[in-house]
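Novice: Single-letter residue listing:
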Amino acid sequence: MNTRGNDNLPSNRPPTQRDLDPHLRRYAQRTVGMTASEIRALFAVASRPEVVSLAGGMPYLPALPLDSLADELAQMVSSEGMAALQYGSAQGTAQLREQICEVMALEGVRAHADDVTVTVGSQMALDMVTRIFCDPGDVVLAEAPSYVGALTTFASYQAQVVQVAMDDDGLVPGKLEAALDALAAQGRTPKFLYTIPNFHNPAGVTMAVQRRGEVLRLCAEHRVLVVEDNPYGLLGFEGKIYPAMRASDPDNVVYLGSFSKTFAPGLRVGWALAPHAVREKLVLAAESATLCPPAFTQFVVSRYLAQHDWKGQVKIYQEVYRERRDAMLAALAQHLPPGCTWTHPTGGFYVWLTVPEGLDTKAMLPRAVTERVAYVPGTAFYADGLGSRQMRLSFCYPTSERIVEGVRRLAAVLEGELELQRTFGSVRPRTVFGPQSPSPDTA
Amino acid sequence: MTDRTVAVLAGGLSHERDVSLRSGRRLSSALRDVGLHVEEWDVDATLIDRLTHRRPDAVVVALHGGAGENGAVQSVLEMLRVPYVGADPRACRRAWDKPTAKDELARAGVSTPDWIVLPHATFRDLGPQDVLDALVDRLGLPLIFKPPQGGSALGVHVVRDASELPAAIVGCLAYGDSVLAERFVEGVEVAVAVLEGSDGEPQALPAVEIEAASGFYDYAARYTAGLATFHAPARLDAAATAAVAELAVNAHRLLGLRDVSRTDAVVSPDRVAHFLEVNVEPGLTETSLLPMAIESTGADLGTVYATLIERAVARAW
Numbered sequence: 001m002n003t004r005g006n007d008n009l010p011s012n013r014p015p016t017q018r019d020l021d022p023h024l025r026r027y028a029q030r031t032v033g034m035t036a037s038e039i040r041a042l043f044a045v046a047s048r049p050e051v052v053s054l055a056g057g058m059p060y061l062p063a064l065p066l067d068s069l070a071d072e073l074a075q076m077v078s079s080e081g082m083a084a085l086q087y088g089s090a091q092g093t094a095q096l097r098e099q100i101c102e103v104m105a106l107e108g109v110r111a112h113a114d115d116v117t118v119t120v121g122s123q124m125a126l127d128m129v130t131r132i133f134c135d136p137g138d139v140v141l142a143e144a145p146s147y148v149g150a151l152t153t154f155a156s157y158q159a160q161v162v163q164v165a166m167d168d169d170g171l172v173p174g175k176l177e178a179a180l181d182a183l184a185a186q187g188r189t190p191k192f193l194y195t196i197p198n199f200h201n202p203a204g205v206t207m208a209v210q211r212r213g214e215v216l217r218l219c220a221e222h223r224v225l226v227v228e229d230n231p232y233g234l235l236g237f238e239g240k241i242y243p244a245m246r247a248s249d250p251d252n253v254v255y256l257g258s259f260s261k262t263f264a265p266g267l268r269v270g271w272a273l274a275p276h277a278v279r280e281k282l283v284l285a286a287e288s289a290t291l292c293p294p295a296f297t298q299f300v301v302s303r304y305l306a307q308h309d310w311k312g313q314v315k316i317y318q319e320v321y322r323e324r325r326d327a328m329l330a331a332l333a334q335h336l337p338p339g340c341t342w343t344h345p346t347g348g349f350y351v352w353l354t355v356p357e358g359l360d361t362k363a364m365l366p367r368a369v370t371e372r373v374a375y376v377p378g379t380a381f382y383a384d385g386l387g388s389r390q391m392r393l394s395f396c397y398p399t400s401e402r403i404v405e406g407v408r409r410l411a412a413v414l415e416g417e418l419e420l421q422r423t424f425g426s427v428r429p430r431t432v433f434g435p436q437s438p439s440p441d442t443a
Numbered sequence: 444m445t446d447r448t449v450a451v452l453a454g455g456l457s458h459e460r461d462v463s464l465r466s467g468r469r470l471s472s473a474l475r476d477v478g479l480h481v482e483e484w485d486v487d488a489t490l491i492d493r494l495t496h497r498r499p500d501a502v503v504v505a506l507h508g509g510a511g512e513n514g515a516v517q518s519v520l521e522m523l524r525v526p527y528v529g530a531d532p533r534a535c536r537r538a539w540d541k542p543t544a545k546d547e548l549a550r551a552g553v554s555t556p557d558w559i560v561l562p563h564a565t566f567r568d569l570g571p572q573d574v575l576d577a578l579v580d581r582l583g584l585p586l587i588f589k590p591p592q593g594g595s596a597l598g599v600h601v602v603r604d605a606s607e608l609p610a611a612i613v614g615c616l617a618y619g620d621s622v623l624a625e626r627f628v629e630g631v632e633v634a635v636a637v638l639e640g641s642d643g644e645p646q647a648l649p650a651v652e653i654e655a656a657s658g659f660y661d662y663a664a665r666y667t668a669g670l671a672t673f674h675a676p677a678r679l680d681a682a683a684t685a686a687v688a689e690l691a692v693n694a695h696r697l698l699g700l701r702d703v704s705r706t707d708a709v710v711s712p713d714r715v716a717h718f719l720e721v722n723v724e725p726g727l728t729e730t731s732l733l734p735m736a737i738e739s740t741g742a743d744l745g746t747v748y749a750t751l752i753e754r755a756v757a758r759a760w
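Sequences listed follow chains R and Y, in order.
1 is the number of the first residue of the first sequence in the numbering used here; add one for each residue after it.
444 is the number of the first residue of the second sequence in the numbering used here; add one for each residue after it.
Honestly, I wouldn't trust all of these hints.
So the derived label-pair ranges between C-beta atoms look like this [unchecked claim]: (1) Y:R603 x R:E221: 50 to 58 Å; (2) Y:A668 x R:A220: 45 to 53 Å; (3) Y:R603 x R:A330: 43 to 51 Å; (4) Y:A668 x R:D384: 26 to 34 Å.
Derived from the structure by calculation, the hints contain no laboratory data.
If you're wondering where the values come from, they're calculated on a predicted model, not measured in any experiment.
All C-beta atoms, glycine included, are put in the ideal place defined by N, C-alpha and C.
The shape of chain R in the complex, shown without the other chains:
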């Protein structure tokens, strides 16, 4: 071969081997699996307005009073800028921690601001909790299915995740007990149980109140810490606020909270309420990660809580999401083929859909994107490849009209898959397992 005669190019060079990543042999073991993924690439299409995305969990920010917030923000910079733009405490500002205690009081939590650590979203709080408790190979219990962001955090610390079944009333205590006993028989004690008791992501169910006591009792008996993740607790549609598990057991529960769903996720303000000794380690871990949470966004949240009708804003969110939940449930009932079942959330953002036996929601995602509808395949919410018959549908961001259109498209995709199944029988295409989901900004 030669390139002579092509005035666009210089002459050939000697052969070279191209290793595009010269650091390949240096990476830690925990990076295994951090590769490009077909599924994640498909979510790039979901961000286009032509696609009805039922995938992302983005709060509906148009419901916020942006103009008055802008005025408040300008005033805040003028009057408090010297502190808001300066380094702050690793634990977070005292004022915000006091206000967080008032928010948690709505769920029956009596807490002292000293035990609150402000974090960069509750995701960081979860990361810190896992960092201080988990060595590689340690066991963490989680619901089946569980929040994909938690599973990726546990994986990054090389923890082994054991998932415990749920039903319409949330985590099943009998299954939890069986899992604890099975692990005990192996001489293993889980480091903690990670649970989302209210309006679960992705399952859309809520743990029955009486079960919460049973779960706390079982964990206490087995000396297993409970990590209660509660981003959606104030977003119920039936006027009911469930009591936090932390309210019943202050000594054995780490509570994770967030302003991402009740205010705005772009601020990245979350928190952990932990027993005193745990809190001390959390603060040191957080300090090594970020020095301190952003003072600026803490000041924004503080001012918002102090000067806005934030509870009224939560009610507005509840109304928006309830209307959209209703639209989704009605559309699912009207359009989906027989054999599909789904949860009926009483709050939060998500419906958990189970498709007919033999269909694979991950394998059919390309067809869905072709039909311009997107969802998150169920396998994203399991650490072990389960969930192939499930998908998570979000009703938080698209309008009701778009939700109905999205479900109509989804129904057509399912019909196509059933047609394939009639031809080939139940076959499961080879797909990569693991928590592959959209990036947070993919609606």
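Starting from the structure of chain R, add chain Y where the hints point.
Specialist: Quick look at chain Y alone, frame taken from chain R:
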């Protein structure tokens, strides 16, 4: 360079949107480095309005899959008489549809693995097992299944055991209504880019040899640095080197391509070069093969594409 304004089209609605955005960003940066004014445009319902009112001096289509490679966008550019880099719509259509490209090249005597295209309806109407039995009788194993149209190895499955056939076909049908079943040829996998010089003559760049760590150059291997090793030029002897270069130039000529193309081929142990497919809008990401081929000659991406842009402007209506 000139003070031309160039619109780089990237993104779109195909399954390869993410790859296209990365190609577009890299190309845009390279073109800015050589002094061009570059605008990066996603392709949506505002495209015609933008082309009409902002009127770039030329367009480079960095779209992968769908409208960017099947000639649809090129037809719009022709209608609006906007100069663009790359093949015309008719040639795009020939190259985009893998069976059509294989058919044209096979008729011209180019070696390409035996293949059969099977729509879902054939399996449905005739019964899958009978069709699969006939397929294996005809082509044998191993087989590779591909969506007839598409790139980035999306929906592509290699089958070495007959029991894997239904799953591979169902996986492939997630990307379209038909499957291209092709005899899988073991050998050295190479990509050969072709560039046209100012005289319009297509010239092959050094072949890039691909060694996927997993043995299969799938989506993850294509777009995760480190999951494949590349050799540029490929470690082929003189005869095979000449064979793959000739194959790529033939593909470019026979399909009527223009400016740039990238042919994927495999060299079997008997040193025969087999045509697999050709791309009219080759990937330009950090892990893509055309930039590697260009760099292996000591050239740079921006200069090469700037020259192609000048050619596009010069041949404009």
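Novice: Output the numbers, in ascending order, of every earlier hint that fails for this structure.
Specialist: No hint contradicted; all consistent.
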